[in-house]
Amino acid sequence: MSRSGWRKRLARAAVILPPYAWLAAFFLLPFVIVLRISLSDPASAQPPYRPLFDWTGGWDALMAFLGALDLENFETLASDSLYWEAAISSVTIALVSTVLLLLIGYPVAYGMARAAPRLRPLLVALVILPFWTSFLIRVYAWIAILKPEGLLNQFLLALGLISDPLTILNTPTAVYIGVVYAYLPFMILPLYAALERLDWTLVEAAQDLGSPPWKAFWTVTLPLSLPGVVAGSLLCFIPIVGEFVVPDLLGGSDTLMIGRTLWSEFFSNRDWPLASAVAVVLLLIVVIPIVFYREIEARRWEAR
Amino acid sequence: MIRTLAALAFGLALAASASAQERVVNVYNWSDYIDPKVIENFTKETGIKVTYDTYDNNEIVETKLLAGKSGYDIVVPSGPFLQRLIKAGVFLKLDKAKLPNLQHAWPEVAQRLQVYDPGNQHAVNYMWGTTGIGVNVKKVQERLGNQPLNTWDIVLKPEIIAKLKDCGVHMLDAPEDIFPNVLNYLGLNPDSKRNEDLQKAGDALFRIRGSVQKFHSSEYINALANGDICMAVGYSGDILQARKRATEANNEVEIAYLVPREGALMWFDSMAIPADAKNVAEAHEFINYMMRPEVAAANTNFVSYASGNLAAKQFVKPEILNNPGVYPDEATFKRLFTNTAYDERAQRIVTRLWTRVKTGR
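Protein chains in written order, with my numbering: chain A, 1 to 304; chain B, 1 to 361.
If we strip away everything but chain A, and leave its shape as in the complex, we get (with noise of 0.2 Å):
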């Protein structure tokens, strides 16, 4: 092999190297870690898990250690049902929302990239502006909004729509609003993103030829901007499988999620084991759809 076509793989190399080493130091090898937890046993020290493995105690030590791992915690996982409805519960709280951020988030896109072209960075930034205020603050807010008392309840009495105040603070509508307004923007800016790029004159084209507005939308707008709907809808529901903060603050006791499931197993029951093995399950239903995605897109490039 020539000089120069050892220099451009080491080029090639220095450019993937990063963003592998990155993975392999920031996912891969915390994900490792958990998997170690979660095959072993809680004990009552620190850390709060066993067997430990000994480094100075060579090829012994580590087939003791591997010896003492095993399936257990997912057994015990498998046999309550308490985690499965959890599981249940995320994933359909992340789908409805999804729906809905979808529902909300297209109309929002679309008029943005239909807006004249110079308004349209001012408009981006205004989806953009909540990041500047802490994510916490803002569901902090919604606390105050949504209470017996607060600010929706004020203004809907003093309308005279309603006479009794609404309850909708700790419960499961609260949990959506919440939801929903904090993962808008990430549904918005993919969907504006694909929109904005579309080119309108095919849009036209189906018009004049006779096609009905609603028509030219359903047959080439929308599966044009497919991609963006795609790339939103994970963006969103993939997060939102595992929030933990949002029906914290707004949900009742008995919004049930996994996010939360995991939380008492870690503090209440100081069983890192079994949380570990919850966020591999959590963890497992996240991937399933990315993998599903990425098949889409694969077969998608090889029909062109």
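Computed Cβ-Cβ distance ranges for the label pairs, DEER-style:
#1 G68/B - R118/A: 50 to 58 Å
#2 T247/B - F244/A: 30 to 38 Å
#3 D248/A - Q114/B: 31 to 39 Å
#4 T63/B - I290/A: 26 to 34 Å
#5 L151/A - L149/B: 27 to 35 Å
#6 P107/A - D203/B: 46 to 54 Å
#7 D248/A - G145/B: 33 to 41 Å
#8 Y52/B - V287/A: 40 to 48 Å
#9 L29/A - G68/B: 17 to 25 Å
#10 G160/A - K138/B: 22 to 30 Å
#11 E344/B - F135/A: 28 to 36 Å
In short, the hints are calculated from the structure, not lab data.
Since we're looking at a predicted model, the values are computed, not measured.
Virtual Cβ for every residue (Gly too), placed ideally from N, Cα, C.
Fit chain B to the supplied structure of chain A, relying on the hints for placement.
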């Protein structure tokens, strides 16, 4: 150029030596649990800088300490957590020669604390209190009529608590504080770890879950003070803080804290030094300072919890000292009981029962 570099290096060396000499102590305590002036005065007097962090539940402290290298020199966990952490070898034995102010400690409190810390070797009581019932007097009397209020009946009898449902009931999201009270009410050993007993307590709580609007460990302070809810099962000092806020707001909300006649759980928050603490000498100085009667009284006057310092009583404001919710009288004191840490099996049962109480599943 070289001269600038040399100056820079010299400056850095100077800064390094200055920071090596600066004395610090890293304290991790409950939120709203100290008079801020106490920290200022401590630094003024000793030159020791205090980094003061707060938490609002024991679990966070326990997890940080179990993970190791928490970076804290003083933590203030509650009894059962203290007990478990001592067993896990997390705390240092105190050097009592460096704590002359221990002479002011309240012997009876220190003795009860021995349940968790045999021989009082690892911890010094900071504050103590009870877990009881806070009520919005007017609203509750409107709904319950002649029913006496100083009893767990108003919480644990489904037909009684149901009458309070519409005006709002909160309960601590802390099974280790609730279960002993329920067990005691049912005539069982409040410290029982037996599965049958725990199941009975869980069932009793399950029957009233529909009337409890929220299980939360701090929201009830404001909710009571604002008149949003009419009853809360909570910590003595927190409910008294709610009463103080309502009085200050002048909103015609009258809050009372009740130690039920069946008895109530007594809890202790105690100062301890993690074994891996870096500033052990400073931590001892801090604990010793906190045990000064005037200082302990300043904290009690600020947060409305009883201090574990007997000599502090003479400096405590009369309205706090004479409040049986803070400093119970002899007869009430006898009805208070303590609990010990759950073992892993009992903890798992309690957490699972508690999840069922909270979520219905």
